[in-house]
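Just so you know, the sequences run in chain order W and S. Our numbering numbers the first residue of the first sequence as 1 and each following residue consecutively. Our numbering numbers the first residue of the second sequence as 124 and each following residue consecutively.
It is worth saying that the hints were derived from the structure and are not from the lab. Be a bit skeptical, because a hint or two may be false.
Stated by the list, open to error - Label pairs and their calculated CB-CB ranges: (1) S103(W) x E330(S): 54 to 62 Å; (2) W356(S) x R115(W): 23 to 31 Å; (3) V185(S) x Q118(W): 43 to 51 Å; (4) T53(W) x K280(S): 53 to 61 Å; (5) A70(W) x F295(S): 19 to 27 Å; (6) K264(S) x P117(W): 18 to 26 Å; (7) Q179(S) x Q118(W): 44 to 52 Å.
Said to hold, decoys possible - Covered, in the sense of this in silico footprint (three residues per stretch, anywhere, with C-beta under 8 Å from a C-beta of chain W), are these stretches of chain S: (8) 271-278; (9) 332-346.
Using N, Cα and C, we set each Cβ at its ideal position, and we do this for glycine too.
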Amino acid sequence: MAAPAYPTWVTRWVSGQWRNKKRPPTLRPSRTLALADKVASRREQSTEATCITEMSVMMACWKQNDFNDAACAEEIRMFYDCVARTEKERKNQNEDTMSSRGSLPSSKVNKLLKRFPQMTRYV
Amino acid sequence: MAAPSAAGMGRRLRAWLPRIMPVRWSRYNPSYLEPEVKKESYQKPLEEQTEEEREQMELKAVRPIKAAPPTLSSSVFSDPMISKFTNMMMKSGNKVLARSLMSQTLEAIKRKQLEKYHKAPENEKETIECNPYVIFHQALKNCQPIIGLSNITKGGKTYQVPVPLTDNRKRFLAMKWLITECRENKHRRTLMPEKLSQELLLAFNNEGPVIKRKHVLHKMAEANRAYAHFRWW
C-alpha cells in the first residue's frame, strides 16, 4: 500500500515536536555567552587643577605691582615650586597601578585582561 | 645531527641587519651610552673620581656609544642656548649665515656697551655690563613668560585657560618672540644683527616690545583666572 499522504501538521504532531522535546529556543543570544577580554571604557573622573592657590596669590601680587616680575619674585618662586612638586608626584604616581579613587582605570584593566585571556578552547 | 641543526639555528637567530648601517640618527638600542664631550672629565686622575664615575668609565669599555650630534661641541666658547637661538634663526638650513648673524649680533652688543662704558662717568662704570653672553642670557630670562594660556573646550565653547609652562616651552617662546619681533616689526632695510642687538639690550633692561608682549600674556592670564579650574592636570 502506498504511504498515506497526511497533512504536514499531522506528521509534526505525531512526531512529538510540539511537546517539550523540541521547541524553538527561548534564548537567541546575538553574541556568545562568554566573558570578553575587555571592559567597556569608563569616563575617567577628572582630577582637579593643581597649584590654583599659588597662582592666585601670584596674580594678586601682579595686580598690586603692575605686573613687575622683580617685585613678585617670592610668589613666582612659590608657584614654580608647586609646579615642580606636582610634576614629580604625577611622575611617581604613574608607576603605581591603583588610582586614588579606589578602582583601576579601564585601560589598565584591559591591559591585564589581554595578558590573561579567557580560555576559548580546551587544551 | 647536532652540526647541521646548530648552523641552521645560528642563521635563524642572527638579527636582520640593513645593508647600509645608519650612523648618526636618533633611534638607538638602549644599551648605547651618551657621548661624553667635556675634556675635564677625562683629565681627572683615578683617585679623584667617585664610585659612580668609576663605574661609568668601566661601562664605557664594554658598551657601544652613540654618535655625537654635530651641535655638541667640547669648545669653551660653545653655549647650548646660543646654539638653540642660532638654529631658530636659521632659514632653509643655512647654518653658516645664521651663525655669522649671531656672532655679528654679539659683536654689535659688545660695541654698544663699550661705547656706553667709555662715555659714562667713573662712578657708573661698574654698573654697565659689557659681556654679550651675560646680556643675552639675562635678556632671554627677562622675556620668558611665567604662565601661559591654553585652549580648553568645555560644553562646546573654547576657553583660554591659564596654565603653567615647562622650562623648554618658556625658552622657546622667549626666543620665538624675539626673532619674530625683529623680523616683522622693524624697518625693511635694517640688518638682523642691528635689530637683534637693539632688542636684546632693551630686553636686558626690561623694556621693549618683547617684554610688553610678555606682560600682555600675563594680563590675559590674570583676566581669565576664573577659568583656571577647567584644567585637569
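Now the hints, each set against the structure:
Checked against the given bound of 54 to 62 Å, the beta carbons of S103(W) and E330(S), roughly 55 Å apart, stay inside it. At about 29 Å, the CB distance of W356(S) to R115(W) agrees with the hint of 23 to 31 Å. Under the hint 43 to 51 Å, the C-beta atoms of V185(S) and Q118(W), about 45 Å apart, fit the expected range. Checked against the given bound of 53 to 61 Å, the beta carbons of T53(W) and K280(S), roughly 26 Å apart, lie outside it.
One distance hint, 19 to 27 Å for the beta-carbon pair A70(W) and F295(S), holds here, with the actual separation near 23 Å. In this structure the supplied range 18 to 26 Å is violated for K264(S) paired with P117(W), their Cβ-Cβ distance being about 55 Å. Look at Q179(S) against Q118(W): about 48 Å separates their beta carbons, and that is inside 44 to 52 Å. For the segment 271-278 of chain S, the stated coverage by chain W is not satisfied: 0 residues place a CB nearer than 8 Å to a CB of that chain, which falls below the threshold of 3.
A stretch counts as covered by a chain when three or more of its residues have a beta carbon under 8 Å from one of that chain; for the segment 332-346 of chain S and chain W the count is 5, and the coverage holds.
Consistency note: the structure conflicts with the earlier hints numbered 4, 6 and 8.
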